[in-house]
Amino acid sequence: MAHRTEAELEAERELILAAQRDRAAFAPLYERYVDQIFAYALSLTGNRELAEDVTAATFARAMEELPRFEWRGVPYSAWLYRVAANLVARNKRRPGWIELQPHLPSEMRGPDEEAERSDRAAEVRAAVAALPADQRQAVMLRFGGELRNREIAEIMGRSEGAVKLLTFRALTTMRHRLGAPLPAQRAARPAPSPLRTASGGGEV
Amino acid sequence: MNEHDVDALDRALDLAADGGHAHLVPSRIVELVTLATEVAEAITAPSLSASDRARLLARVERLAPSRGARPSRPLGVLVELRRHPVVAGAGGAVLTLAAAVAVSLLRERGERKSDGTAAQAA
Chain C
1 MAHRTEAELE
11 AERELILAAQ
21 RDRAAFAPLY
31 ERYVDQIFAY
41 ALSLTGNREL
51 AEDVTAATFA
61 RAMEELPRFE
71 WRGVPYSAWL
81 YRVAANLVAR
91 NKRRPGWIEL
101 QPHLPSEMRG
111 PDEEAERSDR
121 AAEVRAAVAA
131 LPADQRQAVM
141 LRFGGELRNR
151 EIAEIMGRSE
161 GAVKLLTFRA
171 LTTMRHRLGA
181 PLPAQRAARP
191 APSPLRTASG
201 GGEV
Chain P
1001 MNEHDVDALD
1011 RALDLAADGG
1021 HAHLVPSRIV
1031 ELVTLATEVA
1041 EAITAPSLSA
1051 SDRARLLARV
1061 ERLAPSRGAR
1071 PSRPLGVLVE
1081 LRRHPVVAGA
1091 GGAVLTLAAA
1101 VAVSLLRERG
1111 ERKSDGTAAQ
1121 AA
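Residue numbers (our numbering), protein chains in the order written: chain C, 1 to 204; chain P, 1001 to 1122.
Just chain C, with the same shape it has in the complex (with noise of 0.2 angstroms):
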């Protein structure tokens, strides 16, 4: 959940710029996004068939205006993410469009020593497909999209008060639910940044 520095911002304009002059260089943006989104529209539409379709679509529309792309300096993924979130919404509103319950991917089971770690990542997952739709899509831009407010915000069509209250609300429902992080999480992967707290004094 790091966000991008100025040089990753700027190295990301310079692939937008080779991938306008080649198209043959877009398979490096594709291959940068293409996870995300995936799980982006997964999240959004709980069907693994249809995430492929918008998948597919947000990424013919890219390529399709790429020329007419202006950067502004704001990660790429936001376009990609704004997209996606229109041709579902857009969609959610035809005939036979089905919803199902929301479901995150899961991924294989590794070896036993990696069980542990595997069923929290399955139980986190689960913690967030079983959030409210705004609060899940919040989440899923936030910490996998790995975007600022208020570029959540512009995507979202909400304000920036209320993306910072939807991740408030999806964090504070998410701690109720799973309990505590796993002693391994917090001894064994640390937040990004060392966090001193003010009751327990520690750090994180």
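None of these hints come from the bench; they were simulated from the model. We put the beta carbon where it would ideally sit given N, CA and C, even for glycine. Just so you know, not all the hints are guaranteed correct.
Computed footprint of chain C on chain P, listed as stretches where at least three residues anywhere in the stretch have a Cβ under 8 angstroms from a Cβ of chain C [stated by the list, open to error]: (1) 1009-1020; (2) 1033-1041; (3) 1044-1050; (4) 1053-1062.
Just the calculated beta-carbon pair ranges, DEER-fashion [stated by the list, open to error]: (5) C:Ala89 with P:Pro1046: 21 to 29 angstroms; (6) P:Pro1046 with C:Glu14: 22 to 30 angstroms; (7) P:Leu1106 with C:Asp134: 41 to 49 angstroms; (8) C:Trp71 with P:Pro1065: 18 to 26 angstroms; (9) P:Pro1046 with C:Ala11: 20 to 28 angstroms.
Here are some of the chain P residues that sit facing chain C, going by a computed Cβ distance under 8 angstroms [unchecked claim]: (10) Asp1005; (11) Val1006; (12) Pro1065.
Given the coordinates of chain C, assemble chain P onto it according to the supplied hints.
Chain P in isolation, oriented as in the chain C frame:
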């Protein structure tokens, strides 16, 4: 929940995402930030296999028109094409044929009208 907690969490998440440091953060907020890290790891785990990605890319390339060509198909058509490729393909062909016939009829009617107008003028 209070407004202060919402803002405190937001700031802590932003700082963590930017690799910064936050001081005097309540432990309940730290727990939520740690949970957010777990969530990020769980939902960004690759869910498409290499073959899925390649198959989807091939589909994207088929769908995306070349520069200057007509825009890509709407999602509804994609869904129908996936579900009923033959029916949807045949339906598309019928619609294209019908459109071509309609255009030709309209053009013919327009030509007749302009002929009549020219005759009247003469």
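Going down the list of hints, with the structure as the test:
no. : hint                                        : in the structure
1   : 1009-1020                                   : holds (count 11)
2   : 1033-1041                                   : holds (count 9)
3   : 1044-1050                                   : holds (count 5)
4   : 1053-1062                                   : holds (count 6)
5   : C:Ala89 with P:Pro1046: 21 to 29 angstroms  : holds, 26 angstroms
6   : P:Pro1046 with C:Glu14: 22 to 30 angstroms  : holds, 24 angstroms
7   : P:Leu1106 with C:Asp134: 41 to 49 angstroms : holds, 48 angstroms
8   : C:Trp71 with P:Pro1065: 18 to 26 angstroms  : holds, 23 angstroms
9   : P:Pro1046 with C:Ala11: 20 to 28 angstroms  : holds, 21 angstroms
10  : Asp1005                                     : holds, 7 angstroms
11  : Val1006                                     : holds, 5 angstroms
12  : Pro1065                                     : holds, 6 angstroms
Of the numbered hints listed earlier, not one is contradicted by the structure.
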